[in-house]
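J.: Quick mapping for you: the protein sequence lines, in order, are chains A and B.
Okay, so the first sequence: first residue is 2 according to our numbering, each after it adds one.
Okay, so the second sequence: first residue is 1046 according to our numbering, each after it adds one.
Just so you know, the hints here were simulated from the structure itself, not pulled from any lab data.
These figures come from a predicted structure and were not determined experimentally.
Hints may be right or wrong, so weigh each one.
Claimed, not checked - Label-pair restraints from in silico Cβ distances:
hint: 1; chain 1: B; residue 1: 1287; chain 2: A; residue 2: 47; range: 23 to 31 Å
hint: 2; chain 1: A; residue 1: 89; chain 2: B; residue 2: 1445; range: 31 to 39 Å
hint: 3; chain 1: B; residue 1: 1174; chain 2: A; residue 2: 109; range: 51 to 59 Å
hint: 4; chain 1: A; residue 1: 26; chain 2: B; residue 2: 1189; range: 49 to 57 Å
hint: 5; chain 1: B; residue 1: 1291; chain 2: A; residue 2: 124; range: 52 to 60 Å
hint: 6; chain 1: A; residue 1: 149; chain 2: B; residue 2: 1300; range: 45 to 53 Å
hint: 7; chain 1: A; residue 1: 49; chain 2: B; residue 2: 1083; range: 34 to 42 Å
hint: 8; chain 1: B; residue 1: 1267; chain 2: A; residue 2: 38; range: 49 to 57 Å
hint: 9; chain 1: A; residue 1: 38; chain 2: B; residue 2: 1445; range: 57 to 65 Å
hint: 10; chain 1: B; residue 1: 1445; chain 2: A; residue 2: 47; range: 41 to 49 Å
hint: 11; chain 1: A; residue 1: 31; chain 2: B; residue 2: 1385; range: 52 to 60 Å
For glycine and all other residues, C-beta sits at the position ideal for the given N, C-alpha and C.
Listed here are the chains, written in short residue letters.
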Amino acid sequence: MPADNPLTPAQEADLAAIAGFIIPASDEFDVPGADDPAIQADMLATLGRDAPLVREALDVLARLAGAPLGDLDPARREAVALALRAVGGPAVAALTRVVLQCYYRDDRVVRSLGLEPRPPYPQGHVLPDGDWSLLDPVRARPPLWRRA
Amino acid sequence: MNDPVDVLIIGAGASGAAVAWSLAETKMHILCLEQGGWMNPAQYPSTGRDWEARFWGDYSPSPNIRGRREDYPINDDNSPIKVVNFNAVGGSTIFYTAHFPRLHPSDFRVKSLDGVADDWPVDYDTLAPFFAENDRMMGVSGLAGDPAVPPRDPPMPPLPMGRSGAIFAKAMNRLGWHWWPSDTTVATVDYEGRAKCINLGHCTPACAQGAKASTDITYWPVAQRAGVELKTHCRVHEITTNGDGMAAGVVYYDADGKEQFQAAHVVVLACNGIGTPRLLLNSTSGKFPNGLANSSGLVGRNLMFHPYAQVYGYVADETDSNRAPPTCLWSKEFYETDRSRGFVRGYSFQFGRGVGPIMEAVTSEQKGLLPWGAAHHAVFRRLNGHRLTLSAICEDLPEAHNRVTLDPVLKDCHGIPAPKIDYTIGENTARMMAHGIARAKDVLAACEATDICVNSPILYGGWHLLGTARMGTDPESSVVNEWGRSHDVKNLFIVDGSLFVTSGGVNPTSTIQALALYVADQMKQRLANLFD
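Modelling step: build the complete structure from the supplied sequences, incorporating the hints.
T.: In structure tokens, the structure reads:
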């Protein structure tokens, strides 16, 4: 594989296929699937230190599927995906996390959750101060701490 | 050849910064060596769209995962709780929740009151003025009048209760249990050059606003203006001794990786409960074959973590999610000993506001709550922004077999032997954790939460590193005396969490820093006969 590409073309295709199974597109919520090209590009661009574990998970996936995941019929694809999830372990956890963390920072997805697609800083957030009179029954209690 | 200094402090974190600031008024030549560097807030996670993802990368709480050059590896395979820390100017105050309770008076009299462990050689009243001084220097927000703790007067008002806090508060009132807004070191008003909190939320892995106190922005600027010298990216290999058995100085690797020797009249260790025993055990010589200051054999022993029993669930109402500092309230309902509970000592509850969407997705997928496939979206929308979390911070009693040693194989990037952790959760603590989980479930039931999940212990929850060079009056059962000086080496002091005789059931940073200020004050009072 090229030095700047952490995955082979076959692994990239399997990553897109499994991502699309984990989080499929939804008309109901008007969101893309995790196999969306922009989200896939984010995964490949930011794989970084997760690359070895993700490759390991994709190797497991390839062995379970016996063929490109995307070429399998839907029932077989589901069976393989669920078998991969059942394998578990650090590699599958890393693969799943990479899918989730890139999906849930996509602007379209973030907006669909009613959130703003921005970092926390510098705008921050506004929080209700709350009703401190709720403390009244606590204030009325005698000291709880032991003198020593 | 470096000129000798009067005082050499190793470590620029919570305790090292406090002791440097306090000693500065003596006008002695004070130098601090720190293995990390100055952090750049413009690069903190909350400034970028990848703010959550960096938790699993360069801003992981685990040095083993983070793997920055400033970090050293830790073999914690033989522990159900993994060590977390941060290595930089500011130390782990860069990367902490800023929850800032104090130990209780009873925590210093554990043997006398409850017949377990040992009493401390100092008490709450002795430390009280140093707690107050530290509150002012770090900038503490909170609310006076809590009936569960001795009177104190936080200089800033508390953090907002928020949606999550209000749900918890009403539930705790229904149960008739104590709760109170937490003391934190998050500035709620502009304070001593720090801008007030704007609820970035993702502030445990460093605060880009500078509202959360870390010692790089509290103690250090003042200490440096007073003349304290701070050298970064300098990792100490060993403390050397002279023919009289006194500390002569340290051997360290400078920022260029060159080995250097720094002579000092006084050496102060402020490297936390893992780094300090590691350095002492790496400092062997003919006179000290088992490590420096280790005639008691207790260097590295009695490691205490505070096992966390974390329980969370989901409510119908919207919670604060990631939109505020992560902690809001505490409860001391189960803090003081009640033997009818089946254990002695106790725990605090720390109430969390919620988590961001990616943390929600990753953790609920791991728990099996969040499905793969078509049902994913609907389930995620029910979970995201609806989580409530609380954790029981359980007192860990000292047990000699819980210890830090040197790993025979693992080394850091300078070739210095790395620490190895052997740790098990004690029986009393395990019963306490079970109690905490049950009561936390009661709280979540009172919140009408569903889908209850438990993390006990929190795997990457070894934030509090305590007890591995304990203080005491007897050289056979302690490493340093009642004011932090080594029993064996009269010009060697320890000021970090290693000093703790017992752990209490609260986050320890406030007490660590109060102890550091107390030790510094004792040193100043005894300058004429410091080594007698």
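J.: A separate judgement is required for each hint: does it hold in the structure or not?
T.: Taking the hints in turn, this is what the structure says about them:
At roughly 53 Å, the beta carbons of residue 1287 of chain B and residue 47 of chain A sit outside the given window of 23 to 31 Å. For the pair residue 89 of chain A and residue 1445 of chain B, the supplied restraint of 31 to 39 Å holds, since their beta-carbon distance comes to about 36 Å. Residue 1174 of chain B and residue 109 of chain A have their C-beta atoms about 56 Å apart, which keeps the hinted 51 to 59 Å range intact. Take residue 26 of chain A and residue 1189 of chain B: their Cβ atoms lie about 54 Å apart, and the range 49 to 57 Å holds.
A beta carbon spacing of about 55 Å between residue 1291 of chain B and residue 124 of chain A agrees with the range 52 to 60 Å that was offered as a hint. Look at residue 149 of chain A against residue 1300 of chain B: about 47 Å separates their beta carbons, and that is inside 45 to 53 Å. Checked against the hint of 34 to 42 Å, the C-beta distance between residue 49 of chain A and residue 1083 of chain B comes to roughly 24 Å, which is inconsistent with it. For residue 1267 of chain B and residue 38 of chain A, the Cβ-Cβ distance of about 53 Å falls inside the hinted range of 49 to 57 Å, so the restraint holds.
For the hinted restraint 57 to 65 Å between residue 38 of chain A and residue 1445 of chain B, the CB-CB distance of approximately 59 Å keeps it satisfied. Between residue 1445 of chain B and residue 47 of chain A the beta carbon distance is about 46 Å. The supplied range of 41 to 49 Å therefore holds. At roughly 56 Å, the beta carbons of residue 31 of chain A and residue 1385 of chain B sit within the given window of 52 to 60 Å.
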